[in-house]
Each structure stands twice: as C-alpha cells, then as structure tokens.
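Enquirer: Chains A and B, in that order, are what the protein sequence lines are.
Position 117 of the first sequence, counted from 1, bears residue number 117 in the working numbering, the numbering being contiguous throughout.
Position 153 of the second sequence, counted from 1, bears residue number 153 in the working numbering, the numbering being contiguous throughout.
It should be emphasised that the hints constitute simulated quantities derived from the structure, not laboratory data.
Just so you know, not all the hints are guaranteed correct.
Selected chain A positions facing chain B (Cβ under 10 Å, derived; list incomplete) [unchecked claim]:
id: 1; residue: D4
id: 2; residue: L8
id: 3; residue: Y9
id: 4; residue: L39
id: 5; residue: G41
id: 6; residue: D42
id: 7; residue: K45
id: 8; residue: C65
id: 9; residue: A66
id: 10; residue: H95
id: 11; residue: S99
id: 12; residue: G103
id: 13; residue: A115
id: 14; residue: T116
id: 15; residue: F123
id: 16; residue: S125
Dumping the calculated DSBU-like pairs for lysine-lysine here, alpha-carbon to alpha-carbon at most 30 Å [stated by the list, open to error]:
id: 17; chain 1: B; residue 1: K118; chain 2: B; residue 2: K93
id: 18; chain 1: B; residue 1: K166; chain 2: B; residue 2: K29
id: 19; chain 1: B; residue 1: K93; chain 2: B; residue 2: K77
id: 20; chain 1: A; residue 1: K18; chain 2: B; residue 2: K322
id: 21; chain 1: B; residue 1: K29; chain 2: A; residue 2: K128
Using N, Cα and C, we set each Cβ at its ideal position, and we do this for glycine too.
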Amino acid sequence: MNEDIRELYQQMIMDHNKNPRNFHAMADADRTAEGYNPLCGDHFKVYVKMEGEIIKDISFDGSGCAISKSSASMMTAALKGKTRAEAKALFEEVHKMLSRGIGEPFDAAKVGKLATFCGVCEFPSRVKCATLPWHTLLEGLDPTGKQVTTE
Amino acid sequence: MDRSADAKIFDVEQIRKDFPILREQVYGKPLTYLDNAATTQKPLAVIDTLTQYYSKENANIHRGIFCLSEQATKRYKSARHKVQEFLGAASDKEIIFVRGTTEALNLVAQCYGRTFLKAGDEVLITHMEHHSNIVPWQMLSEEIGIKLKVVPINDQGELILEELKKLLTDNVKFVAVVHISNALGTINPVKEIIRLAHAKGIPVVVDGAQAVAHTPVNVRDLDCDFYAFSGHKLLGPTGIGVLYGKKEFLEKMPPYQGGGDMIRSVTFEETTYNDLPYKFEAGTPHIAGVIGLGVAIDYISSIGLGRIEAYEQELLNYGTEKLLQVPGLRLIGTAKHKSAILSFVLGEAHAHDIGTILDRQGIAIRAGHHCAMPVMQRFNVPATTRASLAFYNTREEIDRLVAALHEVTEVFQ
Ligand SMILES: Cc1ncc(COP(=O)(O)O)c(C=O)c1O
Numbered sequence: 001m002n003e004d005i006r007e008l009y010q011q012m013i014m015d016h017n018k019n020p021r022n023f024h025a026m027a028d029a030d031r032t033a034e035g036y037n038p039l040c041g042d043h044f045k046v047y048v049k050m051e052g053e054i055i056k057d058i059s060f061d062g063s064g065c066a067i068s069k070s071s072a073s074m075m076t077a078a079l080k081g082k083t084r085a086e087a088k089a090l091f092e093e094v095h096k097m098l099s100r101g102i103g104e105p106f107d108a109a110k111v112g113k114l115a116t117f118c119g120v121c122e123f124p125s126r127v128k129c130a131t132l133p134w135h136t137l138l139e140g141l142d143p144t145g146k147q148v149t150t151e
Numbered sequence: 001m002d003r004s005a006d007a008k009i010f011d012v013e014q015i016r017k018d019f020p021i022l023r024e025q026v027y028g029k030p031l032t033y034l035d036n037a038a039t040t041q042k043p044l045a046v047i048d049t050l051t052q053y054y055s056k057e058n059a060n061i062h063r064g065i066f067c068l069s070e071q072a073t074k075r076y077k078s079a080r081h082k083v084q085e086f087l088g089a090a091s092d093k094e095i096i097f098v099r100g101t102t103e104a105l106n107l108v109a110q111c112y113g114r115t116f117l118k119a120g121d122e123v124l125i126t127h128m129e130h131h132s133n134i135v136p137w138q139m140l141s142e143e144i145g146i147k148l149k150v151v152p153i154n155d156q157g158e159l160i161l162e163e164l165k166k167l168l169t170d171n172v173k174f175v176a177v178v179h180i181s182n183a184l185g186t187i188n189p190v191k192e193i194i195r196l197a198h199a200k201g202i203p204v205v206v207d208g209a210q211a212v213a214h215t216p217v218n219v220r221d222l223d224c225d226f227y228a229f230s231g232h233k234l235l236g237p238t239g240i241g242v243l244y245g246k247k248e249f250l251e252k253m254p255p256y257q258g259g260g261d262m263i264r265s266v267t268f269e270e271t272t273y274n275d276l277p278y279k280f281e282a283g284t285p286h287i288a289g290v291i292g293l294g295v296a297i298d299y300i301s302s303i304g305l306g307r308i309e310a311y312e313q314e315l316l317n318y319g320t321e322k323l324l325q326v327p328g329l330r331l332i333g334t335a336k337h338k339s340a341i342l343s344f345v346l347g348e349a350h351a352h353d354i355g356t357i358l359d360r361q362g363i364a365i366r367a368g369h370h371c372a373m374p375v376m377q378r379f380n381v382p383a384t385t386r387a388s389l390a391f392y393n394t395r396e397e398i399d400r401l402v403a404a405l406h407e408v409t410e411v412f413q
C-alpha cells in the first residue's frame with residue numbers, strides 16, 4: 001500500500017470513523033451549528049452545552065468522509081470540559097499542523113491525540129475535511145451561529 | 001486522416017499516442033484518466049491548433065480588412081459548418097456558439113422560456129438532470145412563475161416512460177431532458193420523448209453534454225428543437241460550446257445579450273438585430289476555441305463515433321463485470337441502455353476517501369454528487385465514486401482501478 005495513504009488513514013482515524021464518539025443529537029443543547037462541504041457533501045451538526053465559559057457537553061451527527069467524521073469525533077472527545085478559549089487555541093494548533101508544509105515539523109505536545117491527523121498535510125484537498133467540524137464548532141460557539149461551509 | 005476506412009480493428013494504443021497527456025505520470029504512476037465525463041483529454045491536433053492560432057494567426061473576426069482577420073473569419077465560419085455537419089443540422093445558422101452546455105441551457109430558459117412561457121405553465125424535466133438543466137428553470141420559475149414537473153426514475157436509473165406520459169398534460173409547455181446522464185450513464189430514449197412531446201405540440205431541449213463524444217447524434221433524426229453540448233467534453237478546448245436550435249425558434253426568440261456583432265445597425269432610438277446565428281453571439285467570441293472545436297470534431301469523426309461507441313460498450317461490459325467482483329461494491333445506475341459511466345459506492349468507504357486512495361495510484365476519478373444532487377437523493381447516497389470512460393481508455397486501466405479498489409477495501413475493512 002502507498003505510504004502516504006497508510007500515514008493518512010491511521011488506526012485511530014479508522015477507529016473513530018467506524019465507532020465515532022459523542023455521535024448523537026443533543027435535545028437540550030444550548031448551541032448548535034451546521035457545517036457543510038458542498039463539494040463532497042460532508043454535512044455535520046455540532047451540539048454544545050455550555051456552563052459559563054466551559055464546554056460541559058459536546059456531540060455531533062451527520063455524515064461525511066473518514067477524515068471529517070473522525071475529526072469530528074476526536075474533536076468532541078478532546079474538548080469536553082475545556083473552555084471556549086482553550087478550544088480556539090487547540091484549533092489554532094491543529095490548523096497549524098494540518099496546513100504546514102510537507103516535511104515540516106509541528107508541536108505534537110500541543111495537539112495531543114489529534115496528532116494522528118498529521119498526515120493530512122500531504123493531501124491539500126483533504127485539509128478542509130479535517131477542519132470542517134472545527135469551523136462548525138467555532139461558529140456554534142459564536143453567538144451569531146449560522147451555517148458554515150468550507151467554500 | 002481518415003482511419004475509419006482502412007483500420008477495421010480499433011487500435012487503442014495507436015489512438016493513445018495522439019493524446020500527449022496520457023504519457024504523463026502522477027505520483028510516479030502512469031496517469032489513469034477515468035474522469036472523462038468531467039472533461040475529456042485533448043488530442044495533439046487540437047493542442048497544436050491552439051498554439052498555431054495564437055502564434056501565427058491571431059486576429060479578430062468579422063471586422064478586419066487584413067489578411068489575418070480574413071483567415072481567422074474563414075476558419076471560424078468553417079468550424080460552424082463542421083458543427084452543423086457533425087450534428088446533422090439543416091443550416092449553419094442554427095449553430096450558436098456559447099461557453100458550454102450550461103450557457104446553452106440558460107440561453108434557452110431565458111430567451112425561449114422567459115418570452116414564450118407564462119405563470120402556471122409547466123416545464124417537464126427529469127430526476128436525472130444535471131444542475132445546469134434544473135437551476136435555470138428554477139430561476140425562471142422565480143422570475144415568471146412557471147412550474148417544474150419532474151419525471152421519476154426507477155431503481156436502475158431509467159426514466160419511467162409511463163410516468164412521463166402521464167405528466168405530459170396540456171399544462172406542459174416545454175420539455176428539458178438529458179440525453180445521457182452524467183451521474184448514472186443512462187441513455188434516455190430522447191427520440192421517443194421528443195415524439196411524445198411533439199404529438200402535443202411541446203418543444204424539447206436536449207442536454208447532450210455526455211452524448212456527443214460517445215454516440216452519433218443527428219438533431220434532424222431526433223427532431224429536437226434545441227440541443228446543447230460543451231466542446232471540452234468532446235476533445236475540444238474549455239470555454240466553448242454549442243446550442244443547436246431550429247431556425248423557426250431561434251428567429252422568433254429575442255437576443256441573449258446585447259453588444260457588438262449581434263446588431264445590424266444602432267442608433268440611440270433604435271437597434272436592428274443581426275441575422276442568425278449572430279443575433280445570439282454578442283461580443284468577440286472564443287475564436288481559438290471555436291477553431292479548436294472544429295479540429296476536435298474532425299479528429300473524432302476520423303475515428304468514427306460508431307466505432308467509438310462499439311469500443312466503449314465493450315469496455316463498459318468489461319468494467320461492469322470486473323467492478324461487480326469487488327466485494328461490497330454497488331453500482332448506482334444499471335440501466336439497460338447505458339453509456340460507459342460507472343458510478344458506484346463501496347462498503348463503508350466514502351467516495352472522497354476512495355478518490356484520495358485512487359489518486360495516489362495515479363487514477364483520476366470523480367467523487368461527489370456530480371452536480372446531480374437529486375440523483376444522490378433518489379438513491380439515498382451522499383455521493384458516489386464515478387469512473388467515466390472514453391475511447392482512449394483500456395482494459396488494463398480498468399484492471400488498475402479494480403486493484404486500487406481492493407486497496408480501499410483493505411483500508412476500510
Ligand atoms: C449532463 C451534463 N449537463 C451539463 C453539464 C454542464 O456542462 P458545462 O459545465 O461544460 O457547461 C455537464 C457537465 O458536467 C453534464 O455532464
């Protein structure tokens with residue numbers, strides 16, 4: 001098998017794709033946002049329950065490719081209990097990792113388990129798959145909360 | 001250049017040599033180009049024509065009194081004549097150059113639809129239309145209040161003709177139908193549909209984007225009132241396309257855009273429009289594109305669309321058989337009359353992931369909704385992976401596709 005492909009579809013990504021965590025609607029969410037990639041049809045909804053500045057609970061549903069779905073799943077797992085500011089800061093680090101030049105290093109300590117997405121930078125057309133759930137969440141945390149697209 | 005007469009066998013290896021891009025490598029693998037429904041590759045004859053035109057012949061047409069302009073005008077006109085013959089149209093005045101299928105269909109909706117349809121009139125389309133044969137009608141609906149009616153399709157992706165007959169009521173004033181579906185490969189019985197519509201005096205536009213490079217088309221035999229196609233899906237340049245329209249319709253339709261070339265005389269009080277086809281071709285056209293399209297038509301005609309169709313059908317049969325052997329693969333679009341388009345879903349793997357994995361093997365396919373979202377909704381899939389073949393594809397390339405699909409299965413097991 002192609003090396004880059006193996007690097008992209010790591011075990012953890014395939015596991016989250018198959019058994020996504022926090023994969024359900026949330027009836028009593030106080031923030032929701034919808035994210036949509038018109039190009040490939042990825043479509044997710046992210047639900048958040050806030051307690052002050054803290055993300056008390058977070059979930060998602062919808063459908064998409066393995067990269068976007070596992071990214072959504074791992075994002076929800078990473079953010080439960082974090083503050084809004086921490087969520088933003090984490091996404092900044094994730095974004096740096098995803099969009100770095102091929103062969104360039106990134107700060108693995110800052111992204112934790114999300115380092116499993118490090119191979120995505122080899123596939124520029126797939127970066128927006130990995131970022132879609134994040135953009136959607138941040139939109140949801142923003143008071144205006146309208147539909148997000150990757151275009 | 002006539003190879004159809006001497007060579008009985010279809011020498012695909014020889015043909016591939018006419019397409020420089022087919023020698024390219026992607027990620028160190030030979031390019032396996034299976035996205036011909038999106039756009040076809042260009043033979044050297046077309047590429048050379050564009051280079052030659054811009055390096056030696058470039059001039060504007062219809063106005064220069066100098067040698068180059070006269071030559072360009074002549075070649076431009078001769079390309080129109082080639083298109084006329086290619087489509088079997090009665091006159092080259094019935095050939096309008098546009099940007100592509102999309103513009104052709106918008107022109108029909110705007111110039112025919114907006115003028116001759118009124119609130120409450122129905123336009124009949126099908127469930128397998130490309131967005132470019134849906135949205136212009138929806139826009140017209142918003143503008144003047146026409147209604148859209150949709151002919152359903154069955155589980156094989158074929159039009160349900162009985163339903164079409166029922167929907168063809170007296171309220172229907174226009175029919176817009178795709179010749180060959182880009183998402184399913186279905187070849188629609190357009191001649192029969194046109195006959196049914198005409199029996200009730202209803203005009204028909206056919207979207208021929210996926211047809212002209214794969215099957216012989218004769219607009220007079222079909223008796224369609226309008227026929228649209230894109231040059232870039234017919235080995236030609238992008239940015240050029242054709243709208244064929246029967247003279248009787250084109251003559252009574254208002255112009256599409258205003259500007260130079262489409263007028264006979266202009267004063268601030270009154271403007272007289274030019275004759276067909278110029279009435280619909282405002283401004284400097286895509287001259288190089290038109291000339292390139294003419295050469296593309298010469299090229300494909302020298303091989304012969306009958307032979308191309310036979311070869312592609314064989315390839316389709318081979319591909320269908322091979323794909324169905326891939327565990328978990330389901331074809332979307334299994335019409336009895338099908339063009340060489342293989343749209344499918346594979347187990348749990350999303351089309352986008354499949355596309356990425358195939359790409360690393362040098363295989364170019366399309367993943368997504370193919371600008372036919374209603375088709376995806378009909379088959380209840382978010383997207384499909386689509387391999388669309390052309391006459392320069394080979395069995396070996398299909399084998400490569402199948403091998404790469406096994407890799408997908410390995411990743412997604
Ligand atoms: C069936 C069909 N109709 C219309 C179009 C639109 O063609 P273009 O984008 O060249 O205008 C396409 C191209 O994808 C098509 O496949």
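Enquirer: None of the hints should be skipped; say for each whether it holds.
Expert: Structure-based check of all given hints:
1. Given the 10 Å rule on beta carbons, the hint for D4(A) holds: about 6 Å separates it from the nearest Cβ of chain B.
2. At a threshold of 10 Å, the smallest CB-CB gap from L8(A) to chain B is about 7 Å, leaving the interface hint in force.
3. For Y9(A), the suggested interface contact is upheld, since its CB lies about 5 Å from the closest CB of chain B, less than 10 Å.
4. Interface hint at L39(A): satisfied, since its Cβ lies 6 Å from the closest Cβ of chain B, which is below the 10 Å cut-off.
5. Look at G41(A): its Cβ gets to within about 4 Å of chain B, closer than 10 Å, so that hint holds up.
6. Interface hint status for D42(A): upheld, as the beta-carbon distance to the closest one in chain B is roughly 7 Å, under 10 Å.
7. Proximity of K45(A) to chain B is violated relative to the hint, the smallest CB-CB distance being about 14 Å (cut-off 10 Å).
8. For the restraint placing C65(A) at the interface with chain B, the shortest Cβ-Cβ distance is roughly 4 Å, inside the 10 Å limit, so the hint holds.
9. Look at A66(A): its Cβ gets to within about 5 Å of chain B, closer than 10 Å, so that hint holds up.
10. A distance limit of 10 Å between C-beta atoms decides the matter here; for H95(A) the minimum to chain B is near 20 Å, and the interface restraint is violated.
11. Because the smallest distance between the Cβ of S99(A) and any Cβ of chain B comes to about 17 Å, over 10 Å, the interface hint for this residue is violated.
12. This hint is violated: G103(A) has a C-beta 16 Å from the nearest C-beta of chain B, more than the 10 Å allowed.
13. The beta carbon of A115(A) comes no nearer than 20 Å to any beta carbon in chain B, farther than 10 Å, and the hint placing it at the interface is violated.
14. Nearest Cβ of chain B to the Cβ of T116(A): about 15 Å, over the 10 Å cut. The hint is violated.
15. The interface hint given for F123(A) holds, since its Cβ lies 6 Å from the closest Cβ of chain B, which is under the 10 Å cut-off.
16. Hint status for S125(A): holds, given a least beta-carbon distance of 8 Å to chain B, under 10 Å.
17. At roughly 28 Å between alpha-carbon atoms, K118(B) and K93(B) fall within 30 Å of each other, so this suggested pair holds.
18. Among the hinted pairs, K166(B) with K29(B) is inconsistent with the structure: their alpha-carbon atoms are about 52 Å apart, more than 30 Å.
19. Of the pairs offered as hints, the one joining K93(B) and K77(B) holds, with about 10 Å between alpha carbons and a cut-off of 30 Å not exceeded.
20. At roughly 27 Å between alpha-carbon atoms, K18(A) and K322(B) fall within 30 Å of each other, so this suggested pair holds.
21. A distance of roughly 26 Å separates the Cα atoms of K29(B) and K128(A); the hinted pair therefore holds under the 30 Å criterion.
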